[in-house]
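Going by the numbering used here, the first residue of the sequence shown is number 20, and it counts up by one from there.
Treat the hints as calculated values from the structure; they're not laboratory data. For every residue, glycine included, the Cβ atom is placed at its ideal position computed from N, Cα and C.
Below are the EDC-like pairs computed for lysine to aspartate or glutamate, each with C-alpha atoms no more than 20 Å apart in a straight line:
#, residue 1, residue 2
1, LYS80, GLU91
2, LYS164, GLU126
3, LYS30, ASP70
4, LYS324, ASP337
5, LYS28, GLU67
Here are the simulated distance ranges between beta carbons:
#, residue 1, residue 2, range
6, ASP90, SER56, 47 to 53 Å
7, LYS110, GLY213, 47 to 53 Å
8, TYR83, ASN333, 45 to 51 Å
9, ASP123, THR211, 46 to 52 Å
10, THR211, TYR117, 49 to 55 Å
11, GLU126, ASP89, 49 to 55 Å
12, LYS110, PRO24, 18 to 24 Å
13, MET272, ILE55, 32 to 38 Å
14, THR336, LYS283, 37 to 43 Å
15, ILE340, VAL175, 32 to 38 Å
16, ILE340, LEU160, 18 to 24 Å
17, GLY270, SER56, 34 to 40 Å
18, ASN333, GLY270, 39 to 45 Å
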Amino acid sequence: MDFEPLIDKKKERLEELEAIMSAEDFYSDPKQAAEISKEYNYIKKLLEDWDLFANSRRQLKDNYELVKGDDEEMAALAQEEIAELESACEKLELNIQYLLLPQDKTEDRDAIVEIRAGTGGDEASLFAGDLYRMYQRFSELSGWKLEPLESSPSEVGGFKEITVKVSGEEVFNQLKYESGVHRVQRVPETETQGRIHTSTATVAVMPEAEAVDIDLRPDELNIQATRSGGPGGQHVNTTDSCIQVTHLPTGIMVRCQDGRSQTKNKEKALTILRSKLLEAKQREEGEKYSEQRRNLIGSGGREEKIRTYNFPQNRVTDHRIGLTLHNLEGVLDGQVEELVEALQSSELAERLQEAGLK
20 MDFEPLIDKK KERLEELEAI MSAEDFYSDP KQAAEISKEY NYIKKLLEDW
70 DLFANSRRQL KDNYELVKGD DEEMAALAQE EIAELESACE KLELNIQYLL
120 LPQDKTEDRD AIVEIRAGTG GDEASLFAGD LYRMYQRFSE LSGWKLEPLE
170 SSPSEVGGFK EITVKVSGEE VFNQLKYESG VHRVQRVPET ETQGRIHTST
220 ATVAVMPEAE AVDIDLRPDE LNIQATRSGG PGGQHVNTTD SCIQVTHLPT
270 GIMVRCQDGR SQTKNKEKAL TILRSKLLEA KQREEGEKYS EQRRNLIGSG
320 GREEKIRTYN FPQNRVTDHR IGLTLHNLEG VLDGQVEELV EALQSSELAE
370 RLQEAGLK
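All chains should be modelled from the sequences, with the hints used to inform the complete structure.
Next comes the structure, spelled out in structure tokens:
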């Protein structure tokens with residue numbers, strides 16, 4: 020496909036953005052300034068990749084000519100470089116196609132991950148704990164930071180619910196595929212007859228909302244300090260450190276009691292609340308997507324079964340793309356990149372087809 024007409028439009032847009040950013044009152048509207056700056060950086064990256072692609076393509080063409088020439092030594096050297104140049108052109112072309120797609124404003128955000136035990140009683144809470152450790156390990160391997168925000172441990176050592184914040188480079192872009200129902204098939208430790216039980220846990224991955232995304236008006240919030248309960252030590256249990264925030268227009272309620280500081284618990288609760296409100300807003304906007312794309316990345320709803328972890332067969336299956344890995348232990352130890360890359364490739368291929376770029 021000839022990308023040059025699209026690239027020319029992006030060059031024109033970059034000049035428009037530069038003119039806007041040079042205005043004296045550019046930063047008078049912080050939200051607009053942030054959006055324009057982000058678009059500017061996005062287009063600049065696209066044009067940098069385009070220049071690299073054009074140069075690599077010229078070098079590749081020159082090498083093809085040299086291979087046909089009479090100088091055997093030069094021909095041999097040129098032949099050695101061809102495979103590397105072809106690979107570079109292929110990767111750069113894919114990057115350019117991706118950057119030409121409509122921009123998702125949340126792709127490079129940090130993420131709020133909420134894991135809840137589903138059906139299966141104690142076994143479901145243990146599985147929720149397994150998923151938490153899987154994301155904890157995946158974060159370590161990816162160089163991200165994982166910070167627990169709120170948790171409700173179960174009596175058997177798992178979690179009824181746990182919410183964490185994951186910070187780093189392109190976190191939401193990689194974790195967004197985890198939203199949905201995760202199913203486990205295994206023999207519980209308490210099972211005396213060796214029968215396989217099926218349990219579930221639900222995962223919701225939300226882009227961290229920024230203040231410019233969601234305006235939390237004080238008159239729309241009901242904030243209460245209550246006595247903390249559950250595990251956490253004598254000090255936590257005897258102080259009014261638990262914060263409960265209710266968003267009155269939607270009825271969404273968030274509790275946070277993990278920390279001993281009321282102030283920190285309030286900050287964490289508001290962080291979770293903003294992300295929940297942004298998720299609801301995006302879900303509403305997501306109805307505008309084509310049915311094809313919704314089938315691929317799913318609705319992100321908690322009712323949608325996305326993956327099965329089968330212990331007897333050492334098998335992990337992602338039902339959205341039909342991918343099966345026989346590396347259950349590795350996946351639960353955080354080796355999730357193969358699943359993420361396959362889901363990203365599948366989504367990118369369909370988005371490119373939709374946009375007529377492939």
